[in-house]
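Asker: On the provided structure of chain A, position chains B, C and D as indicated by the hints.
Chains as they are written, first to last, in the numbering used here: chain A, 1 to 315; chain B, 1 to 315; chain C, 1 to 315; chain D, 1 to 315.
These aren't lab readings, by the way, just hints derived from the structure by calculation. A quick note: this is a predicted structure, and the numbers were derived from the prediction, not measured. Take every hint as true, because none was put in to throw you off.
Since copy identity is lost for identical chains, a pair holds within one copy or between any two.
In silico BS3-like pairs for lysine-lysine, Cα to Cα no more than 30 Å straight-line:
1. Lys214 with Lys187
2. Lys207 with Lys224
3. Lys290 with Lys254
4. Lys214 with Lys290
5. Lys214 with Lys254
6. Lys290 with Lys207
7. Lys207 with Lys254
8. Lys214 with Lys224
9. Lys224 with Lys290
10. Lys207 with Lys240
11. Lys240 with Lys168
12. Lys290 with Lys162
13. Lys162 with Lys224
14. Lys290 with Lys187
15. Lys168 with Lys290
16. Lys290 with Lys240
17. Lys224 with Lys240
18. Lys254 with Lys240
19. Lys168 with Lys254
There are 4 protein chains.
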Amino acid sequence: MVHINPSNTKDKEIQNLGLSNKDITRGERLLNRNGSFNSRRVGLPLFETFNFYHYLVRISWTKFIFIVAVGYVVLNLFFAVIYYLMGVDTSLTGTITETQFDKFLEAFFFSAQSFTTVGYGRISPVGFWGSMIAAFESLIGLLALALATGLLYGRFSRPAAKVLFSEKALIAPFNDMTAFQFRIANKNRSEIIDAEVRVMMSMLEIKNGTPYRKFYDLLLEYDKINFFSLVWTVNHPIDKQSPLYSLTEEDLHKGQAEFIILLQGFDDTFSQNIHSRSSYRYDEIIWGSKFANIFGFDEDRRTTVSLDRISDVEN
Amino acid sequence: MVHINPSNTKDKEIQNLGLSNKDITRGERLLNRNGSFNSRRVGLPLFETFNFYHYLVRISWTKFIFIVAVGYVVLNLFFAVIYYLMGVDTSLTGTITETQFDKFLEAFFFSAQSFTTVGYGRISPVGFWGSMIAAFESLIGLLALALATGLLYGRFSRPAAKVLFSEKALIAPFNDMTAFQFRIANKNRSEIIDAEVRVMMSMLEIKNGTPYRKFYDLLLEYDKINFFSLVWTVNHPIDKQSPLYSLTEEDLHKGQAEFIILLQGFDDTFSQNIHSRSSYRYDEIIWGSKFANIFGFDEDRRTTVSLDRISDVEN
Amino acid sequence: MVHINPSNTKDKEIQNLGLSNKDITRGERLLNRNGSFNSRRVGLPLFETFNFYHYLVRISWTKFIFIVAVGYVVLNLFFAVIYYLMGVDTSLTGTITETQFDKFLEAFFFSAQSFTTVGYGRISPVGFWGSMIAAFESLIGLLALALATGLLYGRFSRPAAKVLFSEKALIAPFNDMTAFQFRIANKNRSEIIDAEVRVMMSMLEIKNGTPYRKFYDLLLEYDKINFFSLVWTVNHPIDKQSPLYSLTEEDLHKGQAEFIILLQGFDDTFSQNIHSRSSYRYDEIIWGSKFANIFGFDEDRRTTVSLDRISDVEN
Amino acid sequence: MVHINPSNTKDKEIQNLGLSNKDITRGERLLNRNGSFNSRRVGLPLFETFNFYHYLVRISWTKFIFIVAVGYVVLNLFFAVIYYLMGVDTSLTGTITETQFDKFLEAFFFSAQSFTTVGYGRISPVGFWGSMIAAFESLIGLLALALATGLLYGRFSRPAAKVLFSEKALIAPFNDMTAFQFRIANKNRSEIIDAEVRVMMSMLEIKNGTPYRKFYDLLLEYDKINFFSLVWTVNHPIDKQSPLYSLTEEDLHKGQAEFIILLQGFDDTFSQNIHSRSSYRYDEIIWGSKFANIFGFDEDRRTTVSLDRISDVEN
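Bound-form chain A, shown alone (with noise of 0.2 Å):
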C-alpha cells in the first residue's frame, strides 16, 4: 500500500510533481482535469520513452481492436506473399484456383489457418519450404496471438478507478467557519478500502520581485476512510493556519490557483492498489453553495445514493 505522506512543511512540496519551479510560472495548469500531466518529454528519440504494452493498455477499444485486426491481416499478408512467391503450385496443396489472384487467395486464406492453428486442411503444405514456413507460422501466430489475448485480458481485468469527481469544487460555510470541499463517489461495486485523499493547491506568488509557483497541503478533516463505497465529501477547513485563510476569489484568479487531487486505495475485487487523480482551477470553484442530499432510502430501507446528482449543490 502507498501512503501519502503529507509533509508538515509548506516549502517541502515545491518538488512533487517532480517538476523545476524555474518558468512554471507562464505555463498552464498542471494537472488535466482527466488526471493526465500537462507536460511533455523531448530529446531522446521516440522508441527509448515509448512503451508499446503501456500504449496498448491504455487506448480505447476500438482502437485496441482496431489494431489486432489490422496486425492480423498484415502478418497474414506478410505470410501470403511468400507462400505465392515459392510458388502456390508446389508450396501448397488443394488449392482451388483459376487465376493467379486465386493463387495469391488461396495463400492467404491457408496463412490464416496456419496462423490460428484451425488448420482444416483442405489446403495443406508440401515439401520443405512450404512445410517448415508453415511449421514457423503456426510458432510465430501462437506467440502473437498470446500478446493479443493477454492484452485483451489484461484490459478486461484491469482495475479501473471509475471515481467520480464532483464537477466543481466549493468553498463554503461548512460548521462554524468555511471550507473547501469537493466530493467524489465510487461507481465501481466494488469497495475501495483504505482510501486515502491528499490536496495540494498551487499558487503563483512573487519572491524577490519574480513570480513562482509555490505548492502547499491542504490539510482535510479526513484523509483516510475504511471504506470508499458510495460518496466522500472531502473537507479542507480553512482555519488560521490554513494558506486559503483570508484569500478571495480575486486572489484566487490572480494566483491563477490549481487545486490537485490525488486518491489511491486497494480495489477488494482486482486486488491491486488504484490511484486517481484530479485538479480543479480558480475558476472551477463555486463560492457560497453547498453541495446537495444525494442520500436517500428505497423501500427495503436500504441506503440509496444518486450519483448522478453528485454535483448539485444548493443555497
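Answerer: Okay, now just chains B, C and D, sitting in the frame of chain A:
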C-alpha cells in the same frame, strides 16, 4: 500491505463507511453477515456502474459455466446464420446435407470447429467470403476463449479468505473483567500472515433531540497476529474506557447496536492481500457464556482444532 | 510490504501463532524445520478446508505432471465412451476399424484430437449428436487445458524464496558478550529487498504450578537489511534484557526451548513479497563455536561466497 | 510498498548489502553502473542457485526468441525420431515420400503440426502407437507453448523502470553551501508514484591500523516525491553533519568512495512496485559544476523536458 489504522478519536469514525450519518438512523443493518454492504447506488445508467469482469469473477461456478456455454452457442449460431445466408454450398465444401436444416446444422458445426480452432477439415471454407469470415471467426474465437479461460483461471486461483466467524459474539467474563469476544478460524490450509482485525461499534444516540448513528472503535487485546493459522479469539476488554462500559443488553437493543468486523492479512500461498468482513447485531450476541475449548492433540501429539465447534459456548 | 512489528511487551506474543497456550505444553515442536506448522484441523468435511489450487501449486513437479497426464487420459476415456455408445460408425467418419476394440480406440484418439483442438480431420464427427458432443468437447478441452497451462506457468513463475538456513544455531561469544546466532543465505540470483527477520523464543515455564508455553521476542542487532543478496548472520546479543540471559544449555533443554525464525522481503525479479520460516530447537544449538568465514575473492577481485559452507563452524 | 528506512546511526549500515566487511577493502566497486551486484556465489551445484524463470525473464529479446525457436526445433526433432523409428508408413498416413530422408521430413512436419495443434490432417496418425504418441505430443506442445507464451507476455508486460541516471554526479555549490547532486529522469510515459531515493556512501577507513569499508547514509533534501513524472535532481547538502563535510576530491579518491543509489516507487501503468539501482564512484564525480536547465515550453505552453541533456552541466 494495507494497514488498518485505528484512530484515537471516536467521533472521527463517522465517515468510515463512506456514508453520511444523515437519516442513517432509520436504516437497516449496515453490513450483512457475509460482509457485503446493505446499500444501493441509483441515478446512473447500468453500464456506468456495472463492471463485467467484477460480475464474472464474483458469480457462482454454476452461473459462470452456464454463461460460457450459452455464449459459445450464441456466437456459433451467429456465425452459422452468416454462413447459411451466404449459401452453405458456395461458402463451405464437404458438407453432408439433405434438408435446409441439415445445411444450417453443418454451418453451425463448421462454425464451432473454426471458433475453437479444432478445424477437422471435413467441412472447410471455399471462396473469398467463406474463407474470410472463417479466418476472422478463428481470430474472434481465440480472443473470446482467452477471456473465458482467463476468467476461469482467475476464479480458480483467486485467494478466497475462507474465514469462519463464530455465529454469535459473546459478552462474557474475561480475566477479572468482562469482554466482547468473537472467534474466527482460518479454514484454508494456507497461513494468513500479519492478520489484523478491527472492530467498530455503531449505535444510535440522541443529539439535540434527533437520533443519529455514532461509530466507535473498540480497542482489542490483540489487533494483529503474525500468523493466523488456525483459530483466533478476538477480545475487546470492557474497561472504563470502553464505549460498552456499563451498557446492558437492553441498551444495545435500544441503540440497535451493530459490531462491524474488518479482517485483513497476506495469504502465503496466493501471495496476495486478503480482506474479510462481517458484522454482529445486538441480537447476535450471547451474554454471560464462554467459548468452549476446541484445541486438542492427536496420536502424534500434533495440535488439532475442531473447526466445526467454533461457535460452541459453555457456561 | 508486510512489516513484522516487534512488540515491546513480551507477554503480548502469546497469541502470535494463532494458538491458545492451553495444553500446548505437552505438544511437539510448533514449527518444522521447513517452516510448515505442526498442527492439523479437524471436524470439517475435507472439501471445506481443502483448496485445489493451493494443492496443485504446492505439490512436486512429478506429482503435478502425473495428475495432468492422468486427467488428460481420464477425460478422453470419458468422451471415448460417449462416442462409442453413440456408435462410432454413425457419429464419426473416417475411422479405420476391424474390431470393437479398434472402434473404441478410434473414438479415444478422435476425442484426444478434439480435446487438444489439433483436429487432424482423418476422423471427423458427423450427424447432430456426434458433432455436438465434439463441439463441446473442444470447448471443455480448451477450458481444462487453460487450468493445466495456467497452473504450469504459475508454478514455473512462482517466487521460491530459496533461503538457506544454517543447520544449527549458535550461542557463542560475540564482541564483548555472548550472542544467539544463525546464518542464512539467499540461494537465488535475485536480490531480496528490505529483508526483515524476526526471532521468537518459546519456552515452558511454571505459573501457579502448571507449566505453560511462553513466547519472547528476541531483539536483533539488525532486524532489517536493504539487500539480502548473499549471506546474513543474524545476531541476538544476550545482554541483561535478553530472556536468554544467564540461561544454560540445560535450562533450554528443560524448557524445551524453540527458536522460531520469520523472514520476509521483496523479490526483485518476481516483483512479489516472499516469506520464509524455520525453527531451531534446543537440541539444534551449538554452544561456544563461531561461524567460519565463507567470503573470498575470485581472480577478478569480485566477492565470492561459498554457500555450501554456510553451516561451517570453528572454535 | 517497500519503504526505505534510513537509519540514524551510521555504523548500522555496514550490513546493508548483505556483505561482511572483512576483506571487502580489497574488492572492486560493489555495484555496477547498471545496478547489478559485483559478486558471485560459489560452492553449490549450478541447478541449486540457477532459476530458469529468472534467466528467461532477464535475457535479451534476441536470446529469448532464439531459445524458443531452437527449443521448438529440438522438440520436433525428438518426436520426428520417434515416428521415424516406429515406421512412418505404419504410424502415419498421407505422407508423400520417396526417400528415407523424405520420410524423416514428413515425420518432422507432422510433429510440428501436432505440437502446435494446427493439425492440417494431410498427414495423420494411424494405429495405436502413432495415435498415442501424437495425442501426447499435442498435450506436451500445449504445455510447452504455454510456458513460451507466458514468458513472452510476462516479458512484454514487465514493468521496466526506465530510469535514466545522469552520467556523473556533481559536488557543486547549492544555495549557500555545497551539495552532492545527481539527476534522474523517468523515461517512461507512466508516472512513478511515491518515488523514494536513498543514497549510501561507502569509503575505506583505517581502524586499529587495518583498512575497512564504512557505509554512511546521506541525508537528502527530499528523499521522497509523490510523482516522479519527469526529472528529479537529488540533493545531499554537505553541511556539518554530512560525512562528506570538508572532504576533498583527493580524499574521495584515496578512500575509493562509492555512492550507491537506490530508487523505488509504484508504477501507475503496471500497478507494480519498481526498483532501480546505480552507483557513482569517486572518478564519476564532477567538482564545481551545476546541472544545466533542461526545462522549456512548447508552442502550447506545455512544460517540456529534454531528456537527452540530462547529463549536461554548466559552470
